[in-house]
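Asker: The residues making up each chain are set out below.
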Amino acid sequence: VPSPLAEHAILLASTFLFPPVAMVVIVVILLATLGKSLGLREIYVNILIRIFEWGASQIKTTAKLKRKESHVPLDMHIESDEDEEEEEVDEEESERKSARSDGYESSGGFSRRRRNSGASVSSRTSSVCSLRRRHGSGNNIIRRDTQLNLDDDEDDLSREILPVNSRGWAVIGDSVDFIKNGIEAIIEDEVTSRFEAEQLMTWNMLTRTSTRFFQFVNWKLTALYMAGFIFRYACLLPMRLTLFVIGLVFMLVSTAVVGIFPDGALKKTLNHKAMLTCHRILSRSISAVIYFHDEQYRSSSHGIAVANHTSPMDVMVLSTDNVYALIGQSHGGLLGLMQRALSRASSHIWFDRSEAKDRSAVSKLLKEHVSDPDKLPILIFPEGTCINNTSVMMFKKGSFEVGATIYPIAMKYDSRFGDPFWNSSEQSWGEYILRMMTSWAIICHVWYLPPMTRGEQEEAVDFANRVKKVIAARGGLVDLEWDGMLKRCKVPPKLVAKQQEKYANRLSRYTSTCEPFPRVHGSTPNDEAEDEGIAASPPISGYNSLEELPEDVIVSDEEDVVVETRPLPHPRVRSRPVSHVVEAIN
Amino acid sequence: LPRSQIGMGNSSSQLPRDDEIETIAHETEFSRSQIVRLHARFVSLDKKGRGFLERDDLKNVPELAVNPLGDRIVDAFFTVGGSYDDGAFASVKRLDFRQFVRVLSFFQPIDRSKKNVHNRRTDKLKFAFIMYDLNKNGYITREEFVVILNSMVGANITSDQLDNITDRTFAEADMAKDGRISFEEFCKAMEKTDIEDKMSIRFLH
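Here the protein sequences line up with chains F and V, keeping their order. For the first sequence, position 264 matches number 266 in my numbering, and the numbering has no gaps at all. For the second sequence, position 39 matches number 40 in my numbering, and the numbering has no gaps at all.
Don't read these hints as lab results, they were simulated from the structure. Ideal Cβ placement from N, Cα and C applies to all residues, glycine included. There's no promise every hint is true.
To be verified - Below are the DSS-like pairs computed for lysine-lysine, each with C-alpha atoms no more than 25 angstroms apart in a straight line: (1) Lys-492(F) x Lys-94(V); (2) Lys-70(F) x Lys-222(F); (3) Lys-398(F) x Lys-471(F); (4) Lys-492(F) x Lys-60(V); (5) Lys-492(F) x Lys-48(V); (6) Lys-60(V) x Lys-496(F); (7) Lys-492(F) x Lys-49(V).
Unchecked claim - Computed list of chain F residues with no C-beta within reach of chain V, every gap over 10 angstroms: (8) Ile-144; (9) Arg-146; (10) Gly-330; (11) Trp-352; (12) Thr-407; (13) Trp-484; (14) Val-498.
Unchecked claim - Label pairs and their calculated CB-CB ranges: (15) His-27(V) x Leu-336(F): 34 to 44 angstroms; (16) His-274(F) x Ser-45(V): 51 to 61 angstroms; (17) Asp-57(V) x Ser-430(F): 19 to 29 angstroms; (18) Arg-203(V) x Arg-355(F): 41 to 51 angstroms; (19) Tyr-46(F) x Glu-28(V): 46 to 56 angstroms; (20) Asn-507(F) x Arg-99(V): 37 to 47 angstroms; (21) Trp-221(F) x Glu-28(V): 47 to 57 angstroms.
Bound-form chain F, shown alone (with noise of 0.2 angstroms):
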């Protein structure tokens, strides 16, 4: 039993404290109706940058002073130094670059960067540029020569081939070139950083990105950190939690009131404002700072809106601005709950687990949707699993065979508050949600895209590339080949043999396969091509097309991975040169 004081002052402390608390909700729900915003966040996100910078000058002079101390080789000095000089030249030279700019080619590295802002010209957006050199390429550790495409055109290990004098010696020599490329690989390659959360330039005041900034710098580093940390979990936490619930609520008690009214434009309507309104309120709950670009291309009418998946959040961000139609994997709890609820006021897609194995079943559906004008448009991740925000990864074609109106959107989040990212395979959902609540604030960038519909003769995986190109374009991120799946399972076989049809093409071009000594040899068809084996002939392939390789490894969806394995076979031809193909090589 409290003392009769102690619950006197409880009793006080809940008076005074819960009004204003009460308030601060009310306030955030009716600008969340209204879809106002009073601009408090953009101030609290500046007062948070003008702190990273100060804590971020601390690091630095103290690290400096460090090694003035200690007794370091020179040159090893004035290697860092201007190193660091060079960085912040660069931050303050983008900062000061106006929103027009062009954009620029990072040095280090070889991934090329081109970064164009928007056309609307505004203080916001100036931010942007800034934003994107942020994660930079300073932490290369290489400059690459080589690299294995995954496409056809581009001629891989690329240097000049010559017509080699010693034949039977290039093999060795390109086998050197494959040796560079594999370590060159093993330093730096492209897909594994991108499954990791995005290295940041300056420290953020979170505990969970320390390691690498924070070495005990000075005390006031430290008070401040301990400031920060008080805040985000005694005061920010409880805040955003009450927020969380009031919209979960909101959602459950809206979608019933929508529900009970009939299909028609009535019940359209009022399912956009529901949804938005409930959106914004939860996007609160994160303290979301959503900046919405080029909104004159936001879809209205049915089609696919498609965008480059960063985490659970994406969703939600995007639904503050427009209202879509969802597709997935139908769960039970809480989510299913919140599943069926929004089903009630709007049709969505939601298959159970059987079905999600079934692509052509799952196509049906959408296909199905889209035809429908009434349908409002479906929000689909093509790349089908989170990838870390720094690049966009192979678009699974699915959504692209449909044949609808596709509206591009582009998501890039600012991390420096708060890494949105999440890689299922190491945290759990409800770590995750702890540390997105005790971030300092989740900061967003969305541009839409104009709409874009298939060529009459393209191919949909054409068709899903070049809008991946388009969306890393806008967004500032990288385009790659590689498939996200990579992040949990292995590279399927069917891609080694397409680097190894490559060689082997290439190794036909410039030297000769045929024997060293002449010799009599019965059964070849073809005798007119000389022995210097120019002509490019097609590869004498055991297979009549890479499509009849086993198909190996097939992933169903984030939560389960199903790995098929077929021993490949190994077409061993003897002396007998399979028969459709032409020899030119002799």
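Given the structure of chain F, go ahead and fit chain V onto it with the hints provided.
Answerer: Just chain V now, kept in the frame of chain F:
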């Protein structure tokens, strides 16, 4: 010192110790900042956070998995990484950070102004040789060569053509005509190729 990570996997992202960096810098001629970055890479490859790498960790790099010689490269990496200073080779199962950096140091560009240019060249050639020499007996036999060639071209060449290329290669390189290529013969034959450029990687400072 608040170092605890809350709910975040992969907690071995600490920086390497200063003395460790000093030793490695001394051994390999990498600069301090390069070593720190390589350590970050090491940590990201070491997904389970055990402090050492196994073959599978390297094979998980997709670009390496797609490389037709990927398996052989990983094997050579682990053999050279586990080698002793006197040159004897032992194929090991695990590499720690120091060994990792040591192997990578063989791929540094050769600085002609320094001494040991010849040693550097030999080191690079050794890596390539080990990749070919499957059973590590110091000789590349015809069969071993065919295996490598087969890996590179897959099903796209008939076995007759494979034989032809092998014959040609051995005719050129096998001076002793004993049906196998020794390390000296290998080095001699490689004099024509620009091995230094092919096996040098441009490390950024």
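Asker: Hints broken by the structure, by number, lowest first?
Answerer: 8, 9, 13, 14, 15, 16 and 21
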